[in-house]
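With these hints in hand, go ahead and build the complete structure from the sequences.
For the protein sequence lines, the chains are A and B, in the order given.
Counting with the working numbering, you get residues 0 to 131 for the letters of the first sequence.
Counting with the working numbering, you get residues -17 to 115 for the letters of the second sequence.
Keep in mind the hints are simulated off the structure, nothing from the lab.
Just so it is clear, CB atoms sit at the ideal spot from N, CA and C, and this is done for glycine as well.
A few of these clues could be false.
[Stated by the list, open to error] Using C-beta positions, here's what the derived DEER-type ranges look like:
| # | chain 1 | residue 1 | chain 2 | residue 2 | range |
| --- | --- | --- | --- | --- | --- |
| 1 | B | Val7 | A | Tyr55 | 37 to 43 Å |
| 2 | B | Leu12 | A | Leu130 | 40 to 46 Å |
| 3 | B | Pro22 | A | Arg96 | 16 to 22 Å |
| 4 | B | Glu76 | A | Ala71 | 26 to 32 Å |
| 5 | A | Ile69 | B | His8 | 37 to 43 Å |
| 6 | A | Leu57 | B | Met28 | 19 to 25 Å |
| 7 | A | Ala74 | B | Tyr78 | 19 to 25 Å |
| 8 | B | Leu57 | A | Ile62 | 24 to 30 Å |
| 9 | B | Leu12 | A | Val40 | 19 to 25 Å |
| 10 | A | Ala71 | B | His8 | 31 to 37 Å |
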Amino acid sequence: MSSIHQHRPLSPHLQIYRPQITSVLSITHRMTGVFLSIGSVFLAAWLWAAAYSEGYYLFWQSIIVEWYGIAALVAWTLAFYYHLCNGIRHLFWDMGRGFSIPNVTRSGIAVIVFAITLTALTWYNIVNEVLV
Amino acid sequence: MSHKPSSLRSPMSTVRGLGSAKDGVHHWWLQRVTAIVLIPLTVWFMCSLMSHVVGKDLQALKDWLGSPGVAITLLVLLSALFYHARLGLQVVIEDYVHCACKKTVLIIFITILFPVLTLISWMSVLKIHFWTI
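Below, the structure is given as structure tokens:
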């Protein structure tokens, strides 16, 4: 019995495991997915407001110009672009491509760079749109 | 493919590859299909929001949704989105919620919530669309 225990591989306990780009991006994909699902509830509420109640729609409009509304929208934009880029990375893995460790690291860094750049571009556009 | 005499699985069951739950890769596959659909549609939605909604009033949104192409694309997007969200949340719940009763309650909750959200958003898009014409 003791020899069985000695030769068993230990499962990676996340609490004591050194964070790596692979594991951090993997859990971030799930967290952004959950966060975006919560956002989808607001999307449905917003569409409902637009269709059925102008007062309720104006209430949403007044929320999203407050600092916390803008902060939430920026967070959702970043989560969206991250989940989109990393999702494309997952689809390439599903086709059996890009599995070597250097490639996984490289595509992971690319996902972070793309997500931040696209978020910045989107909000640059939005600020221009609103101010002009 | 050799069939181990000690295994209770029949060779036919191995070939079908449906696993013990008889579900196979159905869940995994639909998550990928909805993901592929969502790539172009969410990017289109982001661009459309910026050119038709941001910084404009409710009437601008209604005018935009008055186009049949926009309305039908949005209906496809919303269906894929809520379905994808439900499938993803289900996996997260199955992996991290260990108490069987909480797990079951949460899965029942999202299985009801996301189809309802789909209907709510479908009704809203269709109402705006037909109302504007």
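### Query
Which numbered hints are broken by the structure, listed smallest first?
none
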